[in-house]
Every structure is written in C-alpha cells, then in structure tokens.
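Chemist: Take a look at the letters that make up each chain.
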Amino acid sequence: MAFDPIPSSHNITELLRAWGQGDQSALEHLTPLVYKELHRLARRQMSRENEGHTLQATALIHEVYLRLVEFQSVSWQDRAHFFAVCARLMRRILIDFARSHTSLKRGGSGRKLTLEEGLIVSSDVPAELMDLERALTKLAQDDPRKSNVVELRFFGGLTVKETAEVLQISADTVMRDWSMARAWLLREMDEGRPHAT
Amino acid sequence: MQPERWRRLEQLYHAAMEQPEDQRAAFLESSCAGDLALRNEVASLIAYSQQDGRIIDKAAVEIVAAAMAEDLCAEDGFKTDKMIGARVAQYRLIEKLGAGGMGDVYRAVRADDQYEKQVAIKLVRQGLNIDFVYARFRNERQILAGFEHENIARLLDGGTTDEGHPYFVMELVEGKPLDEYCDERRLGVTARLELFQSVCSAVQYAHQRLVVHRDIKPGNILVTSDGVPKLLDFGIATILSPETYSPEADPTVTALRMMTPQFASPEQLRGEVITTASDVYSMGVVLYQLLTGHLPYRPDTNSTYDLAHAICEVEPDKPSTAVGRPTPVMDPSGEYVQLTPEWISTCRNANPEKLRRTLSGDLDQILLKALRKEPQRRYASAQDFADDLQSYTLGLPVSARRGTFSYRSGKFIQRNKLSLAAAAVFALVVLAGVVAIVREARIARMQQARAEQRFESLRKLTNSLLFEFHDSIETLPGSTATRELVVRRALEYLDQIAAEAHNDPATLRDLAAAYERIGRIRAEEGHPHLGGTGSFQQANELYDKALVIRQKLAAVAPGDVSLQFDLLGTMLNLARIYEQFGDLDRALDLQQRRLQIEERLQASHDSRELRYTIAASLIGIGEVKLWLGDYDSALDYEQRALVMNQALLDANPTSLQMLRGVWRSHGWAAMVLRLSGRYAEGAAESRKALAISEQLAARDPNNSDFQRFLIADNQSLCECLAYDGSFSEVPSLCRKALAINEDMVRSDKNNVQASADFANSNMTMGLALYLMHLPREALAFERRADSIYQAVAVRDPDSLSNGVDHSVSLIYAGRSEADLHQPEAARRDLRQAQKILEQLVTVSPKHRYFLNTLEEARAAIKALPYDTAPVAVH
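Just so you know, the protein sequences line up as chains A and B, in that order.
Residues in the first sequence are numbered consecutively from 1, following the working numbering.
Residues in the second sequence are numbered consecutively from 198, following the working numbering.
Isolated chain A, as found in the complex (with noise of 0.2 angstroms):
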C-alpha cells in the first residue's frame, strides 16, 4: 500500500472544492479516486450478491462519500454544499463510465473486437443510464429543481431528508418532485428512443 499515492483527505476535499468552483483539471484526479472506491463496491457487491443479499444504495455511497473525506475536517460551513459537489461528481463520474461502457460493448470493426469481446452478452444497462442522463438534462431546462433532487437522489445517493436540507425544501416537497420527475423521466426515456411504442 506503501505505493499507492492516495492524496489525503485533506486533499480530496480540496480538489473537490476546487472542482465545485469550476475547476475541470480536480477531475482527473477525483476520477481515479472514485474508480478505486467503486471497484471495491464492485467487488464486495459480488461477493454480497453471490451470500444472497445486496447492500443498500444510499449505504454503499455514503461509504464512498466517508472513506473519501473525513467528514470531521470538512471545513466547509455547509454539509449540504458538499454533497451537492459529491452528487455532481459521481453524476460526471458514472455517466462517463456509461459512456465508455456502451462504446464498447457495441463493438468495432478490426482487431480491436477480439472473439471474447464479441461474445459477450451483456444487459444495456450502462445504455439505459445514458438514456436516463439525456432526459435528465432536459428535465434541467423545466424544472431545474427536479433535476437536482433527481441528480442528489439517484447520483448523489442522498436520502429524502439530506435531498431536503441539501435544496432547502421540505421532505414532503422533495417526494412530490421525485414523484412526477421519475414518470416524467421515464416516459421521456422510452419516447425519447427511435424505438418506442
């Protein structure tokens, strides 16, 4: 482990900072942070899945979001500015991750395209999420409140109550948004599609 150059947490938070302020160069460094913690999740996602039980999500990212920054030293007056930047940046983060994904399980031409690579068959899962993302961003251009619930719920991993301090709204208003936001979302995923009924 001696090797690993894992910046400290001090240093996370301030790359996170600086990347809550615009600054895009944070990301390439928060990026392969995130992958390492992901990949854990991954891992033990695995080994959970095959004892028969799964983790709950908002648990899994709090992980993430604990074994990042030490909670303790952010010196942020604001929690909730904090997981907004949290939220964002997974958003960036997983939806990159999608993006490469579904390029790649599409296949090329060339030798790029082993046999292996060919056959697999895969759940489009990562394509969906790419879906997601796009409705999203046009959710943004009506009702940007709703966006950010979604994007601090479903990206962020936030709860109702951390969502409502995060916006300043209330629990109730916060379930209201999801509500209409998800069958909005999802009627705009399928219609969105060349290939929806």
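Derived pair list, reagent style DSS-like, types lysine-lysine, alpha-carbon separation capped at 25 angstroms: (1) Lys1043(B) / Lys1059(B); (2) Lys255(B) / Lys161(A); (3) Lys293(B) / Lys36(A); (4) Lys515(B) / Lys566(B); (5) Lys255(B) / Lys138(A); (6) Lys293(B) / Lys314(B); (7) Lys885(B) / Lys933(B); (8) Lys566(B) / Lys551(B); (9) Lys515(B) / Lys551(B); (10) Lys255(B) / Lys36(A); (11) Lys314(B) / Lys373(B).
No lab work stands behind these hints, which were simulated from the structure alone.
For this one, chain A is given, so just place chain B on it according to the hints.
Modeler: Same frame as chain A, but now just chain B:
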C-alpha cells in the same frame, strides 16, 4: 414547455395522484375541461408513475458498480490477479502481461535463483484433457526445445500446475506487436517487408521441423527495441489443439476460441486438416494488414459468423484497392474514428497515391496468392512467400504473376528505366526478350539450388521423424495417438516431397522407405476408426507408391544390387499385406515375381542374403498355396525353403537370423501338414520348431517375439497331437501356451495382438479338450475365447485371421454344446461362426482354409438334432 403549462401539469398530476385510483380518470376528465392534450399528458405520467423496477429505482452507483462487477468477472483478476506472487514450478509470477483465449501470460522469475532471469509463463485456464496435453507436450518438447532461431521466442519448459492447468515457460520478449511497431516508427513498405521476411524465415524454420504455428497474428509477433521480430507461442497451439480439449467441451466453440478468427485460414474455420499452408495464409493476412492497414475482408457485421463466411467465400480486395478505402474503426478509448487513406499512408511514410502505386501489381498478386482459399494454390512454403517478396524488392519477376512476355519486359523496363530511356523501341523489344530469357534461366538455376538444399533438409527431417521418433515411442503404452499424429504429418510432407522429387535417386529411395514404413504401421495397427478395410486400403496404397518408386529405381540402375534388394523387400511386404487381407492371387503373383528377380540376380550376384531372401520367397509361395488349398505344392515349397535355410544355418551356426529362418520353415511345414490332415508328421515338424523357439527364448528371455514363437509352437504341437489322438502331452502343452499368454496380456492390456493370441490359446485348449471328449471343459475355454475375440474384433475389425480363429472357437463351443445336449445354444454359436465365415469368404473367396472351416460349421449345424424344427411336415 411554457412555465404556466408545466405548473398546471404538475398541479394536476399531484391532485390526480391524491385521488383514489379508480376516480383518477373522472377527476382528470372534469379538471382538464376539454384540454385533451393536457389530460393525456397527465394520464401518461400517472401511468409511468405506476411502473416499477426501472433503472431510476436503483442508485446510479449501484448500477455502475454492478456493471463494473460484470467487467471484473469477465476479465477477472487482470489487475488484481490472484496469481501474482504464486509459484509455478520453480518460477514466481510477478506481473500479468496479457490475457488471451487460452489463458494468461505472466512475467516470472526463477524463485530459487539469485540471477533473477525473467521469463514469460503462459498459464492455460481450463477445460483441457490434462493427460492428453501432457502427452502432447512430452512429444513436442524435444522438437521445440531444440528450436534455435533468432526470430523465434524459445519455449523453455512446461508442465502442469498442481491444480492441473498446463503452463508453458517461454523466453521473455520485451517488444511491441509488429503492426504497432511499424506504425509508430512510420516504417515504409520496404522496411515492413524486410521485417516480415524475418518472420517468414522463422516460420520456415519451424515448418522444416514439422511444427505448424496455427495462430500467427501481429500480437504473436513482437519486435524488440533492436528491431528484431520474434514469433511467440510456437508449438503451443499444436499441443493445445482442439483434440486435447476435454470431451465435454464443444469442439467447434473450442476450436474458435483457440484462434483469432481475423487471421484464421478457411480450412481452419472449417475445422479441416491444418498444414503449413494454413500458416502461410495467416502470414498473408498479417502482411496484408501490415501494408494496407486493413484486414482483407469487410464482413457485413462484426459477428464471427459473417467474418467466417467472408474468409471462406469472399475474394479479398486487392491491397492497392483496400488502401484507398476509408473505414470506420474503433480507437482504444472506444470512439469510432475513420481510418483514412491519408492516415494509413502517413504511417507508411508515403502519400495515398504513392502507396497505392507501390502496392498495385506485384504486391497485390503476392498477397492474393498467399490468401488463396485453396491451400494448394498458395505459396508452397513460407520460404517461397519470402522469396517472392525478395524478388519484388530486387525488381525481379515474381512467381505470383504469370510469366507473360509483357510482364517480364515490363519488369525489365522498370529495372532499366534510365539506360533504356535513350534506346530505340526496336532495341528495347529485342533486348527485353533476350535479357528476360537469360535472367529467367539464371533465376531458375538459383532457385533450383536453393530448392534442393531445402528439400534435402526436409527429407532428412521427415525420415528421422518417422524412423527415430516413431520407433522410440512405438513401444510406449498409450502412444498410439501421438504416433498417428506423427504419421499423418509425415505423410503430408512425403506427398509434398514426392511432388518435387523429380528424379533424384537418393530422395526417391528415402521416399519409398518412408512410404513403406507408414504402410507397415497402417497394416499392423488396429484402426477401428477407419472401419471396414480402411487400414488395408491405406497400407496397400502406401506400399503401391513405394513399389512404383522402387521399380523405377531398380530399372534405372539394374546393376545396383542394393536397389534390387529394396525392391524385393517392398514386394515381400506388399505380398504379405495382400495375403493378410485375403487377396491371394495378387500375393502369389508378387511372391513368384519376386522369386524370378532373385533367381536372375543369383546368376550374377549370389550371396548369403540373396539365398535367405530366396528361402523367404519359397516360404511365402508355400504359404499362399496352402491357403489356396494346393497342399502338395505348398509342402514342396516349404521343404525347399527348409533345405536352403538349413544350409545357410549350417554355414553360419551362430547366426540368429538363419536360426529364425529354419524355425520359420519348420513352422510352416507343420502348418501345411496339419491342415492337410497329416497330423503325426505335423507334430514332428512342430517339435523341431519348438526346440528352436525354446533355444531362442532361453537366449533372450525378454524378447516378446520369441515368447510368441513359443506360444505358437506349443499350440501347433498340441493341435497336431490332439487331432492325432495322442493326448498325453496335450494338457501340459496347452497350459504352457496359456501361461505365457496370460503374462503377455497382463503386461500390456492395450495390446490387441496379445489379446488375440490369448484368445487363440484358449481356443486351442478348448479344441484339444473337445477332441479328448471333455465337452464341458472345452466349452468353458471356448466361451472365454469367444468373449476375448469379440472385444478384439471391436478394436481390429479388419483382421481376417482373428475372424477365422474366432469362428473356430465358436464351432468347438457349438460342438461341445451339442455333446452336452444343448442344441439351441449349439445352433446359435454355429450360426454365428457361419456368419463370420461367410463374411470372410466374401472377402477372400479362394481361401481354402476359410472355405473348409465354413464347410465344417455347416456340417456341424446339419448334424444337430431337429428338436425344435419350426414346421412339422406331414
């Protein structure tokens, strides 16, 4: 959407959701007040809100983690590999270098060594038949370990891990795949050809040692930083060929997994025999891609099926055409990019038009020739491929193009562009013709010299493979499959040699010996998978090929005694094959012609060897005459042979060969006498034979031939005495034969011959006991003989002699049963005997022994009481 409308939509959605489900429709109807679009939109949102289990209901992180988990499973352990740090034999794995269809490759060091010499270890994943792999490996390692070629990464060691995974230890090559190396350095066509020719020489080197690569692709050709290309994985595909996969694995899928389809030849995709020509094809694909940046085919989709179809059915585009074709390909980050003519030519230090012109003509034709669908229309060897590329580089005519005058003069003009610029058209034409002819002759001579040299090494190699390798493993139990492989490969090479051999006597002689050798293997081995008389036909064809060559050689040099002896040997072997498979006329004809040649030769070149072969011919003629039922003549020949053999032995009393000659004569004389009913005389001859075989066995107790002689003589004597009615020695003789046989069967359970011998001993014992009026005891032995013969027949269905012996055991089983008042069982056994014999008579209609035995079976059936006569006739 208008903000007001959006708000209205939201308001209605929530209001409707608060309504009980069955009242929502009515609620919307009244609330929307005729705004159908609004009503429909709210209704559709409500419908969507009812859906569950959609992607949004999980957390994104969970979805991505699941997708990652899937990836991790797929490439499990690539980065966090459990094997890192593990030990394989005396090596420790320190880093993963790559993963492929068969397994993973690691960098490793010797764990017990301070030198830290690094090697590459390929660990095969799973699904293999370990025993087979191990045997294959043991067989191949001798050849592979001896590979010394600058452009071949050496295979150092290999084996099986404790968990049963095969592994290979190879020279570690630090380099880049051939195509990447060339592109990175912007190498032009000439430099690429030069690298490729080194690869050809590596492939040629391996082919001369009868090793086919089977998986040539750019990823298997690494170029070191010094610019030396190294071919990896030689021999591995052979060791891990589809046959070594465990039976439960689907062979087609396994075969596909074992190769890289883009570089596989049509015959490989069809699962046909893979030869050196398959490697030539794959090299063609490699060069095609190296020069054009494209693969030769453009399948409609990326499916393996479409690709396979294209490889097998579609003619590839000319390289000069392909190079101008923009094609979408995926870059490493997964984005589609256009592979443009500009980019391709830039990588080749050229522009699109220049590259197109370089490729068009000779290189087009050379590549298309390497990529022919039919293996025989490709280059005959990697060397020929390289030679043609060399000719191209030097501006000489290439063989891939037809040698038309215009082509040749075209070449000439190109070569001599400058000096010809000033020449008159008239001079040009004349000169071109003359120069081309002269040059062609010189090239032909050059090529001939090289061809001969190449040929010579191939010939030697094939011979050593056949004779030394085959012999060394012949006695190893379980080596049949390997021998089969060796033989098959050797045959492919022999036919190739035969096609090129012209009239070189030394080559022809070796060739004939090799054909004959394989013929013998084919004739001796039981080949149940060939079915019917497959092994006979194969042996026959091979001996015929040998005979044609021998006759030609003997005719060209009638004074060369050794060539005459070669011919005589082949004739003898062929005669034996004919005899063994029942073609008695041909066998007799060959033996008689043999005797004529020998007697003619004796006039000028009398010798001990010649007399010995004459005696052998006499024995052979006697044998065939015996089977034809011409007993007097047969006996006459056997006795003449005996006189000659005895004289030879008297002159050379210590000669084992001569002693065996005398033994054989007594044995055949005994056989003739016994089958013609002269049992007492037969017994006397058998005793003489037995005395010799006892002497031989005492001299060399470990020689299994002599043990078989003992069995035969004991049995022969036993039968003669039993038929003659003098029973006192019979039981002890039979028991002796049985005891030796039991030992032999026990020591080699898989030996069909030993089993047949053992059955034969049981049959003889039963027969003797029957003649001694002990039917119950006789039946027990015949039953045992019957069951062993049945097992033997499965493994060696072609053997006529086993068939007739089996029928004899059934006849005596039947007769014993008849004596024991079991007519039903007797009829069943006798009918079975009759059926076998009728089959034998169909194969060999003049065989008197078969006919007599068939008569015997029919007579025994007739003699059965009609206690179960199906129809009562009044």
